[in-house]
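Engineer: Sequence:
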Amino acid sequence: MASSTDVRPKITLACEVCKHRNYITKKNRRNDPDRMELKKFCRNCGKHQPHRETR
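Quick note: the sequence shown uses my numbering, first residue 101, plus one each step.
Source of the hints: derived by calculation from the structure; they are not laboratory data. Fair warning: this is a prediction, and the values are worked out from it, not measured in the lab. Heads up, a few of these hints could be off.
[As the list claims (entries may be wrong)] Calculated pairs, SDA-like style, for lysine to any residue (alpha carbon to alpha carbon, straight line, at most 20 Å):
| no. | residue 1 | residue 2 |
| --- | --- | --- |
| 1 | K119 | C145 |
| 2 | K127 | C145 |
| 3 | K119 | M136 |
| 4 | K110 | G146 |
| 5 | K147 | V107 |
| 6 | K140 | D106 |
| 7 | K147 | D134 |
| 8 | K119 | R155 |
| 9 | K147 | Y123 |
| 10 | K119 | T105 |
| 11 | K126 | F141 |
| 12 | K119 | E153 |
| 13 | K110 | K147 |
| 14 | K147 | I124 |
| 15 | K126 | T112 |
| 16 | K126 | C145 |
| 17 | K110 | C145 |
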């Protein structure tokens, strides 16, 4: 079981426009302590949208 202090936790990325949670990825907490934001393709919107890390 993953601990809460894991260096590379799994995070969920949600579309900023439609709020759908489309992607699951890992991030390094030491390099990226803030919430991650990436432009990814949203299947619900049908185009590239900014996706932000959710809890």
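Engineer: Hint by hint, note whether the structure agrees.
Structural biologist: Hint check results:
As the CA atoms of K119 and C145 are separated by approximately 10 Å, the hinted pair is consistent with the 20 Å bound. Simply put, K127 and C145 have alpha-carbon atoms about 25 Å apart, too far for the 20 Å limit, and the pair is violated. Only pairs whose Cα atoms come within 20 Å are accepted, and K119 paired with M136 is accepted, the gap being roughly 15 Å. Simply put, K110 and G146 have alpha-carbon atoms about 25 Å apart, too far for the 20 Å limit, and the pair is violated.
With a C-alpha separation of about 32 Å, the suggested pairing of K147 with V107 is violated against the 20 Å cut-off. In summary, the hint linking K140 to D106 is not supported, as the alpha carbons are separated by about 25 Å, beyond the 20 Å threshold. Straight-line distance between C-alpha atoms of K147 and D134 comes to about 25 Å, which puts the hinted pair past the 20 Å bound. Between K119 and R155 the CA atoms are separated by roughly 13 Å; this keeps the pair inside 20 Å, and the hint holds.
For the suggested pair K147 and Y123, the alpha carbons sit about 15 Å apart, so the restraint of at most 20 Å is met. As the CA atoms of K119 and T105 are separated by approximately 27 Å, the hinted pair breaks the 20 Å bound. Taken as a hint, the K126 and F141 pair is honoured in the structure, with Cα atoms around 18 Å apart against an allowance of 20 Å. This hinted pair checks out: K119 and E153 have alpha carbons roughly 11 Å apart, not beyond 20 Å.
A threshold of 20 Å between alpha carbons decides the hint, and for K110 with K147 the separation of about 24 Å lies outside it, so the pair is violated. For the suggested pair K147 and I124, the alpha carbons sit about 18 Å apart, so the restraint of at most 20 Å is met. The suggested pairing of K126 with T112 holds, with an alpha-carbon distance near 9 Å, which does not exceed 20 Å. For the given pair, K126 sits about 24 Å from C145 by alpha-carbon distance, which is inconsistent with the 20 Å threshold.
The hinted pair formed by K110 and C145 fails the criterion: a straight-line CA distance of about 24 Å is larger than 20 Å.
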